[in-house]
Amino acid sequence: MAAGETIVFDDMSKRFGAVHAVSDLTFTVEPGRVTGFLGPNGAGKSTSLRVLLGLVNPSTGTATIGGARYATLRDPVRRVGAALEATFHPGRSARAHLSSVAVAGGIPRARVGEVLELVGATPYADRRVGGYSLGMRQRLALATALLGDPGVLVLDEPINGLDPEGIRWIRGLLRSLAAEGRTVLLSSHLLSEVQQTVDDVVVIAGGRLRYTGPLAGLGTGPVTIVDAPDRPALAAALQGAGFALRVDAGDLVVDADPADVGRVAQAAGVALRELRQRSGGLEDEFLALVGQELPPPPPPGSTPIPGEAPR
Amino acid sequence: MTGFGRAVASEFVKLFSTRMWWLLLLILVGYVGLAAAGIALALTLAPEQSGMTIPPGALAAVVYSVATASGFVFPVILGAMSVTGEVRHRTLSTTFLATPHRAPVLAAKVVVAAVAGAGYGVAASLATVGLGALVLGSSGEPTALDESDTWAMIARMVLAMAIWAMLGVGLGVLVPSQVGSIVAILAFTQFVEPIVRTAAAFVEPLGGVAKFLPGAAGDALVGASFYTALGPSAQTLEWWQGGLVLAGYAVAFLVAGAATFWRRDVT
Ligand SMILES: Nc1ncnc2c1ncn2[C@@H]1O[C@H](COP(=O)(O)OP(=O)(O)OP(=O)(O)O)[C@@H](O)[C@H]1O
Ligand SMILES: [Mg+2]
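Chains A and B, in that order, give the protein sequences. Residue numbers for the first sequence follow our numbering, so the first one is 1 and each next one is one higher. Residue numbers for the second sequence follow our numbering, so the first one is 1 and each next one is one higher.
A hint or two may mislead.
Stated by the list, open to error - Over 10 angstroms on every C-beta distance to chain A, these chain B residues come out as not near it, computed from the model:
no.	residue
1	Ala-9
2	Leu-34
3	Gly-38
4	Glu-86
5	Pro-100
6	Val-122
7	Pro-142
8	Glu-147
9	Glu-193
10	Ala-201
11	Leu-206
12	Gly-208
13	Ala-258
14	Trp-262
As the list claims (entries may be wrong) - With the C-beta cut set under 8 angstroms, the calculated list includes, among others, these residues of chain B facing chain A:
no.	residue
15	Lys-14
16	Arg-90
17	Thr-91
18	Asp-265
Claimed, not checked - Here are a few chain A residues that sit away from chain B, every Cβ distance over 12 angstroms (derived from the structure):
no.	residue
19	Pro-31
20	Thr-60
21	Gly-61
22	Ala-82
23	Gly-113
24	Tyr-124
25	Leu-147
26	Asp-149
27	Leu-190
28	Thr-212
29	Gly-217
30	Ile-225
31	Ala-228
32	Val-253
33	Leu-275
34	Ala-288
Since the hints were derived computationally from the structure, they do not count as laboratory data. In this text, a Cβ means the ideal position worked out from N, Cα and C, and glycines have one as well.
Hey, can you work out the whole structure from these sequences and the hints?
Below you can see the structure in the form of structure tokens.
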């Protein structure tokens, strides 16, 4: 396994003609952590990742991996694994696709079977990619990234298209890769999609940096939803322990960790019916950062128009 | 293996892992084989009606050279598709991630195209020489297979097909749209150049220009074809000049494409 390396964007800007896709982007991605690169559609995530990988020339500034531009890396496939759009030649099998990359990257062919097994693509590895579903192609893209057992992983929306089991699996995989000391950078336009996976977040919108730092630094921290058959007793116990309480859409919301809430309830001898963590302020804070508000709730009494999907 | 060696090996894996190469090969062999047999029949059964004045002893060469005269578009398409296929299926990112220096990638495509083009040349020659000689022999015409000139021409046909394939890579990088490049290849080779060359056989000043067209240069390299058989007025280059002119087109296309499309952002 190659060692994790630090990714540095230094005042990087990219213009496509009149379009300022990315402006003055500066941030650092550390090894041993999973970093979420977040922003709405058109924020400049893919453009930034492509600059990092030497596919797009920045207009100004630099993006480096371990202090070097991607194009100057000696064995790029062994040092950096990347999955961008999951696009392949439809007439080629997964195995042949991986072989072509392995050969170009100086990776032993035996590794192809290993990564196919790792992403669960072995059963369809010899079928032509043209017939694959989006999730199957995402797995193949991930297998391509893992081919060189690299210390740095750069993944553009890797979760998009995966089924629930696949999402859980990739979350575990990314966490374990970071735990081995690798650098993991993944993009998404949904904070909720990566919230359980990432340690750090970089938020961009309109091509500009909005936030960079630990996930916890975004928003107000975790909130807990709790309920008990004897709700007044629960509320009294929590207030007695000094927690702030409120009722939100019928739920009892506590600004604290679920473990602490449970401990207080147990000490007071209150049996619980419900105890769970909610993303709380994070999603709201994220949307505020990227300048998008939640759509207003429909006016009371309004009904969906027949034939139109309910909103 | 060096970085370049790896890039070449990877391009071979890519070429042989889709059906394109053998589909094109199959059509090429069937097409030129049947065309050679048909022309051999026409020229031996009713030479006065063919409208061609074949110098005595050149009949076999005209028949065999159908492999390149009619088959040269196949290696061009194969070479072009090695670039345009990547554009169409958005796989250039994957290619450049594995080999970040782009010039060696293009050079690797040229090498692989040359080898594949030579292979096409061998297969197409087998088809035209095999079927052509069969027809000629059974009509009592000389097959010329015992002449070293014939084998030298076959070697030049293989070389021509290799150069055509490299020219195709250049065309692909100059016109990266798959449909666009195929339309350009077919329009130029099947329409523009044949008209200019046919006209040049009758209009003296045009001949000076027409002999430098790629198809004419390719025919000159091989040394025989219908056009050279059309009449003594058709001007041609020496075989080595033809080869250099054809290779010149390939180099010009490759350099122009490398300086433009090949350097662009891949988004
Ligand atoms: N090749 C290009 N030519 C012109 N404009 C481009 C090009 N590529 C990207 N852009 C523009 O750059 C901006 C950023 O696009 P980018 O694809 O990086 O966004 P993104 O954050 O990846 O969005 P998404 O979540 O939809 O994938 C957009 O305004 C886009 O239109
Ligand atoms: Mg994107």
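- Task: Say whether it holds or is violated: Ala-9 of chain B keeps its Cβ farther than 10 angstroms from all Cβ of chain A.
- Result: Per Cβ check, Ala-9 of chain B is inside 10 angstroms of chain A; nearest 5 angstroms; violated.
- Should the interface hint for Asp-265 of chain B be scored as holding, given a Cβ-Cβ cut-off of 8 angstroms against chain A? This interface hint holds because 4 angstroms falls under the 8 angstroms limit.
- Are all beta-carbon distances from Leu-275 of chain A to chain B longer than 12 angstroms? Correct as stated: the minimum Cβ-Cβ distance to chain B is 46 angstroms, above 12 angstroms.
- Item | Least C-beta distance from Trp-262 of chain B to chain A larger than 10 angstroms | At about 13 angstroms from chain A, Trp-262 of chain B clears the 10 angstroms cut-off, so the statement holds.
- So is Thr-60 of chain A really clear of chain B, every C-beta pair being over 12 angstroms apart? Given a closest Cβ separation of 15 angstroms, the condition holds.
- No chain A beta carbon within 10 angstroms of Leu-206 of chain B's: Its Cβ never comes within 10 angstroms of chain A, the nearest being 43 angstroms, so this holds.
- Message: Does Pro-142 of chain B clear chain A by more than 10 angstroms, comparing its Cβ with all Cβ atoms of that chain?
- Response: Answer for Pro-142 of chain B: holds, closest chain A Cβ roughly 45 angstroms.
- Item | Separation of Thr-212 of chain A from chain B, once the least beta-carbon distance is taken, above 12 angstroms | The assertion about Thr-212 of chain A holds, with a minimum of 24 angstroms to chain B.
- Query: With d taken as the least Cβ-Cβ distance between Glu-86 of chain B and chain A, does d exceed 10 angstroms?
  - Reply: violated (8 angstroms)
- Item | Check on Ala-82 of chain A being off the interface with chain B, judged by Cβ distance over 12 angstroms | violated (5 angstroms)
- Item | Least C-beta distance between Leu-34 of chain B and chain A, which was stated to exceed 10 angstroms | holds (27 angstroms)
- Non-interface label on Gly-208 of chain B, tested against every C-beta of chain A at 10 angstroms: The claim stands: Gly-208 of chain B keeps its Cβ more than 10 angstroms from every Cβ of chain A (closest is about 44 angstroms).
Checked against the numbered hints above, the structure violates hints 1, 4, 5, 22 and 25; every other hint is satisfied.
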